[in-house]
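J.: Chains as they are written, first to last, in this note's numbering: chain A, 115 to 305; chain B, 14 to 112.
For the record, the hints were derived by calculation from the structure and aren't laboratory data.
Just so you know, these numbers come straight off a predicted model, no measurement behind them.
Be aware that a few hints might be false.
[As the list claims (entries may be wrong)] Listed below are several chain B residues computed to face chain A (Cβ distance under 7 Å; list not exhaustive): (1) 14; (2) 25; (3) 33; (4) 43; (5) 46; (6) 49; (7) 50; (8) 54; (9) 78; (10) 104.
We treat Cβ as the ideally placed atom computed from N, Cα and C, and that holds for glycine.
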Amino acid sequence: MGEAVLFGILSVTALAGGVGVIASRSPVHSAISLLAVLGSLAILYLLLLAPFVAVLQIFLYAGAILVLFLFVIMLVHGHPLARTGERLAWQRPLALALSALLFLSQGYVSFRGLTSARAEPQEGLGTVQEVGRALFTTYLLPFELASVILLVGIVAAVVLGKPLPRGTAFPPEPQRAERPLSPVGAREGEG
Amino acid sequence: MSTAWYLLLSAALFTLGLLGVLVRRNALILFMSIELMLNAVNLSFVALSRHMNDLAGQVAVFFVFVVAATEVVVGLAMIVEVARSRATVDIDDINLLKG
Numbered sequence: 115m116g117e118a119v120l121f122g123i124l125s126v127t128a129l130a131g132g133v134g135v136i137a138s139r140s141p142v143h144s145a146i147s148l149l150a151v152l153g154s155l156a157i158l159y160l161l162l163l164a165p166f167v168a169v170l171q172i173f174l175y176a177g178a179i180l181v182l183f184l185f186v187i188m189l190v191h192g193h194p195l196a197r198t199g200e201r202l203a204w205q206r207p208l209a210l211a212l213s214a215l216l217f218l219s220q221g222y223v224s225f226r227g228l229t230s231a232r233a234e235p236q237e238g239l240g241t242v243q244e245v246g247r248a249l250f251t252t253y254l255l256p257f258e259l260a261s262v263i264l265l266v267g268i269v270a271a272v273v274l275g276k277p278l279p280r281g282t283a284f285p286p287e288p289q290r291a292e293r294p295l296s297p298v299g300a301r302e303g304e305g
Numbered sequence: 014m015s016t017a018w019y020l021l022l023s024a025a026l027f028t029l030g031l032l033g034v035l036v037r038r039n040a041l042i043l044f045m046s047i048e049l050m051l052n053a054v055n056l057s058f059v060a061l062s063r064h065m066n067d068l069a070g071q072v073a074v075f076f077v078f079v080v081a082a083t084e085v086v087v088g089l090a091m092i093v094e095v096a097r098s099r100a101t102v103d104i105d106d107i108n109l110l111k112g
């Protein structure tokens, strides 16, 4: 009974946050709504006997990823969002129809696909000890590969963040559209 | 309390994320919608892990975290770079490859 009440409150929070993410005008509001989703999912993980995942959710998502999002929003913010106007009129209704179709099929599967009843709660299922033991025995190779993925991500972020050598950026300057088109040779002469 | 309700919530969150990717034009909000979808999948992983008393679902969530963190770092670096060179994060304006 208590689980159902808590689930109801948390699912309403999560869904409201989800709507906020996709409906907000400003990215900052989207990020705050995403925080609501992440927080309610973390409590749901606790409800599902997964304390390790819940803590990781707070540390990694709310702590690292969302802060990175806010940081980048601050960096990018201030650029006026130029609108081209060439939007497809049928895109939004089609997206709504396809999403509704997906949701209906997923809902059908979630109620019809589970043939067995839920197992009895097992003591210490998702504790740090249990998950850690599984990670370092059964899933040792994927665990090591995950570190390679993280390394690649670090290298990629450093390389992308490095300023390009002069003259190799394309298009060369953001204000390219404002100046009259000049011959390529003239621009090379400037550098 | 049946596991199906958790899966239904997961489906609803995934659908919201998909809708965000399909209709929004701001690259940052697009990325947040992708995060929303990843979280929806994580919820169904954990719910089914509880349903079957199997730790594999939670381990899968761990790896999803790793991939999501990497994806956000690389993707946001790309967005910053695009915003720096094109002065926009609207994906309709990033059409250099359009013929």
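J.: Each hint: holds or not?
T.: Results for each hint:
no.: 1; hint: 14; verdict: holds, 5 Å
no.: 2; hint: 25; verdict: holds, 6 Å
no.: 3; hint: 33; verdict: holds, 3 Å
no.: 4; hint: 43; verdict: violated, 10 Å
no.: 5; hint: 46; verdict: holds, 6 Å
no.: 6; hint: 49; verdict: holds, 6 Å
no.: 7; hint: 50; verdict: violated, 10 Å
no.: 8; hint: 54; verdict: violated, 11 Å
no.: 9; hint: 78; verdict: holds, 5 Å
no.: 10; hint: 104; verdict: violated, 10 Å
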